[in-house]
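A.B. asks: Residue numbers (the working numbering), protein chains in the order written: chain A, 1 to 517; chain B, 1001 to 1517.
Since the hints were made in silico from the structure, they are not lab data. Even glycine gets a Cβ: it sits at the ideal position worked out from N, Cα and C. Be aware that one or more of the hints could be misleading.
Within a straight-line C-alpha distance of at most 27 Å, the following computed DSS-like cross-link-like pairs (lysine-lysine) qualify [as the list claims (entries may be wrong)]:
| no. | chain 1 | residue 1 | chain 2 | residue 2 |
| --- | --- | --- | --- | --- |
| 1 | A | Lys-344 | B | Lys-1009 |
| 2 | B | Lys-1212 | A | Lys-395 |
| 3 | B | Lys-1158 | B | Lys-1113 |
| 4 | A | Lys-480 | A | Lys-413 |
| 5 | A | Lys-9 | B | Lys-1063 |
| 6 | B | Lys-1344 | A | Lys-212 |
| 7 | B | Lys-1158 | B | Lys-1063 |
| 8 | B | Lys-1009 | A | Lys-113 |
| 9 | A | Lys-212 | A | Lys-37 |
| 10 | B | Lys-1009 | A | Lys-63 |
To give an idea of the chain B side of the interface with chain A (calculated C-beta under 10 Å), a few residues [unchecked claim]:
| no. | residue |
| --- | --- |
| 11 | Ala-1236 |
| 12 | Phe-1340 |
| 13 | Arg-1381 |
Protein chains: 2
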Amino acid sequence: MFAALAPYKAVHRYGLGDLLHEQARSRPDDIAVVDGKHRFTYAQLDERVNRLAAMLREHGLRKGDRILWLGQNSFRVLEVLLAAARTGGIVCPANWRASAAEVARTLEDFDPKVVFWQEAEVGEQNRKARGDWQHGRSWIQHDGEEHDEHCYESLLAKSPSLDEFEPLEPATPLLAIYTAAFTGAPAAALLNHESLLLTAMMGIQGQSITEKSGYLVSGPMFHVGVLMGTLATFLAGGRCAFVARVDPVELLQMIQDEHLTHAFIPQPTAQQMGVVNADGHYDVSSIFAKSDLSDWRSPLVMPPTAPLMTHPGGYGQTEIGGLSVLAWLGGVAAGRPSPFLQIKIGDDAGNELPRGAVGEIFARGPLVMCGYWNRPEENARRVVNGWHRTNDLGKRLPDGSLAFVGPKTTMIKSALENIYPVEIETCLREHEAVADVCVIGVPDPVWSQNVKAVIVRRPGRTDAEADFIEHCRQRLASYKKPKIVVFAESLPRNGAGQIDRAAVDAAYGGGGYPSVG
Amino acid sequence: MFAALAPYKAVHRYGLGDLLHEQARSRPDDIAVVDGKHRFTYAQLDERVNRLAAMLREHGLRKGDRILWLGQNSFRVLEVLLAAARTGGIVCPANWRASAAEVARTLEDFDPKVVFWQEAEVGEQNRKARGDWQHGRSWIQHDGEEHDEHCYESLLAKSPSLDEFEPLEPATPLLAIYTAAFTGAPAAALLNHESLLLTAMMGIQGQSITEKSGYLVSGPMFHVGVLMGTLATFLAGGRCAFVARVDPVELLQMIQDEHLTHAFIPQPTAQQMGVVNADGHYDVSSIFAKSDLSDWRSPLVMPPTAPLMTHPGGYGQTEIGGLSVLAWLGGVAAGRPSPFLQIKIGDDAGNELPRGAVGEIFARGPLVMCGYWNRPEENARRVVNGWHRTNDLGKRLPDGSLAFVGPKTTMIKSALENIYPVEIETCLREHEAVADVCVIGVPDPVWSQNVKAVIVRRPGRTDAEADFIEHCRQRLASYKKPKIVVFAESLPRNGAGQIDRAAVDAAYGGGGYPSVG
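Using the sequences and the hints given, assemble the complete structure.
C.D. replies: Spelled out as structure tokens, the structure:
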């Protein structure tokens, strides 16, 4: 019946590479990227990406082949991504702070056909990781001198400028981001063109990005939030300004020179910028309302009226395209899903639970990843009846908005009951003697697990174990109260300031969690 | 290589029916639709649509089957569209002002499995069109009394509420809109889920629609602009208020009662509303800055700060999802394409022309239609190397923005040169003696066509033919100047106030246009 519509099938193909062609037609002379001495318009970027795509083909890259970026931030990460978008390659910007051993594991797992690597600052670890892992792969140094014929710029200059590439299906994977998977070993989540484009569209709305915006890319490009800000600016036709790493003076200068309006700036850097600019030497009024940045808290910088600024936060994970349940879409909890994303709260078999019940967060729709690279068993486990299993727990509040309860890995099982540490911790934090607390499950032959609270008491407080148990008994269902309470001087925390639950488990006998099989 | 990703294929399926499920989860108690005495929340709408989808199945509707709406505006058009979105049907809201003969032709062409029809006001023409065209089809009256067991509401009440429907590919056709095709006979452009959802997302941005918005659906639902406003409001989680037809008092009352913020109101209706509300009896401040609407001009009503209000206009056609090149996306001409749409200016064979050249506007990307229903030859003709041929002429200005030149059907061919009437008309309008003008092509055995100008002179002016020809010769390339000038008292115009070029051709011997084969 639909044979009559067949000619139109080809018309709908569309990817990030097509978007670049359109930007080059629609705003040829607007500046697309700024990076050190480099400054390219959309037409120039399009032409460079055509050459780069031709060069990738010459290096044997075919649809589905991987490309690894071993370097710091650069406008060339965007170029490589766009060239891959034209040729069907998959790009992974690796963590440049990784050790040589970690990089070697990434090479092994991701098996890239082409590696773009950097000499400055990270040359030694890259060479070490590379070892003799080179056979049949192309290693291209992106920051070499232009007279070195094997470097990015000279290879690009020699390449023909093709502009005819077969359009891709929007479902083609394009970006790979390694995330800390729940089994402990990192796995690369693959995001396709459609997910990236749709997330960028939401970024435009949430961060009030327009063609007049300038985005300071100073967060790491292996972070999905930074990549999305970059792509949103690209989609809107604005300017992306790249810095290799976060030097406070360089950032202040860049904001002043380019009149930047948006940024991703890690918090410690913002505070260093505040110290450097205490005298207001740099005019950063295009982006910050005041020059004193020493108390700046959010890494996302945008106009104060932007929805994500007035209603920050939400829920997300790299696997569903980053932050994709958004507080600015309303509701009293973490927010509501962006269009093109469905969320359901389900039991372990994926059966939907009634409003208010705590269960696993499942997601579906074009925002969701295409799966993890090279993890067939995990992919099979993570798809339940057409829904992606997030491994996170949540519930719907009465108004329908989504509340994030905690990672499923920390769920405690006592007999048939599911117990969520965050709930018990919230209760214990209301006790005036509690300075800090972590609730874990310890194995029990009868009950599966028992609830154990590790409490840091406030200075001078000597409340006994039973006092805390009684506090919970009065406020929670009885099965949720801790059976065991121990005291600690402090709790281990990770770099982001969150309690390191694995370390608490290791130190206090936690284990037997039902989600860890 | 991608076998490992196979489980995730099913996760990306997503359509308008899934969006409704999500709205019912995310904002169950928010009002979705208002229509007369009816007032339903998103949870109620979801439940009704589940019943309706089950009822459509019971009436034999299968994937790809058509559903025709023969009635005025109603919230049930949205329900039917959403139920079709769950079952794979294709819905056409027909023009209720069409004659019985026209409706009969639509029945013949669209071949619907199910027809929803209306008794009030249009019952007679519907029955006449139906004749004995009924065999094997279901005719369901949507506005019947609830005690009539064959009517919409009673059939709905009897239907089971299924909530498990197989998710659809976003490329599945869903909506059919009859447009005046260039051959003269209307054809139904089919838009798919993805196009509708993406256009609705742009509507949210352009019209500043949020979950707090209320949209007055008083324009006809067979108009793509009205449907898009309705879907944008639905996507944002706002309220749609439906009126069957445009009664000034009813509209004023609805705006006041529901605190509506957005609308599509035909211009004559807005002026009638202004007369009725001259004394400010109705409080319409939620939508209009002042109660005097007698000089209101735009059918699209939205907050004064909305991008589409501050930068109105653009270029579009139903076949590319409506207005999808938008002035608010920047540039000095009609604007720039929305994301997910590529535009190129090409010659007749689809080869891209350099910036500045006039040529046919080609479009590609997921916004573009799936083709015309039941027009295999036209579909084959309209797709050129993966691009949709718009049959419109345009060019890129130096800043890359798109300028619409005119429909290709009015292009004049003189020897090998293409001549665009609008360009000559613009030149002639600069002559102070010209009150109105239409430039046409008349057949010529040697030159294919000659340029002929039909001019209405200003009162009292007696300038001769040669004066106007000389005026053009001084300002345009010589081959563009009219060879023939004739004078008229007035020019025929259509309902929208545009010159009726076909009538001018008929009256003054126009013909032989190269695009009309």
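A.B. asks: State for each hint whether it applies.
C.D. replies: Hints versus structure:
Our distance criterion of 27 Å between C-alpha atoms is met by Lys-344(A) and Lys-1009(B), whose separation comes to about 18 Å. With a CA separation close to 24 Å, the supplied pair Lys-1212(B) and Lys-395(A) stays within the 27 Å bound. Of the supplied pair hints, the one linking Lys-1158(B) and Lys-1113(B) holds, its CA atoms being roughly 20 Å apart against a limit of 27 Å. With a C-alpha separation of about 10 Å, the suggested pair Lys-480(A) and Lys-413(A) falls inside the 27 Å cut-off, and the hint holds.
At most 27 Å may separate the alpha-carbon atoms for a hinted pair to count; Lys-9(A) and Lys-1063(B) meet this at roughly 18 Å. Simply put, Lys-1344(B) and Lys-212(A) have alpha-carbon atoms about 24 Å apart, close enough for the 27 Å limit, and the pair holds. With a C-alpha separation of about 23 Å, the suggested pairing of Lys-1158(B) with Lys-1063(B) holds against the 27 Å cut-off. A threshold of 27 Å between alpha carbons decides the hint, and for Lys-1009(B) with Lys-113(A) the separation of about 25 Å falls inside it, so the pair holds.
With a C-alpha separation of about 21 Å, the suggested pair Lys-212(A) and Lys-37(A) falls inside the 27 Å cut-off, and the hint holds. A threshold of 27 Å between alpha carbons decides the hint, and for Lys-1009(B) with Lys-63(A) the separation of about 18 Å falls inside it, so the pair holds. Against a cut-off of 10 Å between C-beta atoms, the interface hint on Ala-1236(B) holds, since the closest Cβ of chain A lies about 9 Å away. Interface restraint check for Phe-1340(B): the shortest CB-CB distance to chain A comes to about 6 Å, inside 10 Å, so the restraint holds.
For the restraint placing Arg-1381(B) at the interface with chain A, the shortest Cβ-Cβ distance is roughly 9 Å, inside the 10 Å limit, so the hint holds.
Every hint from the earlier list agrees with this structure, and none is contradicted.
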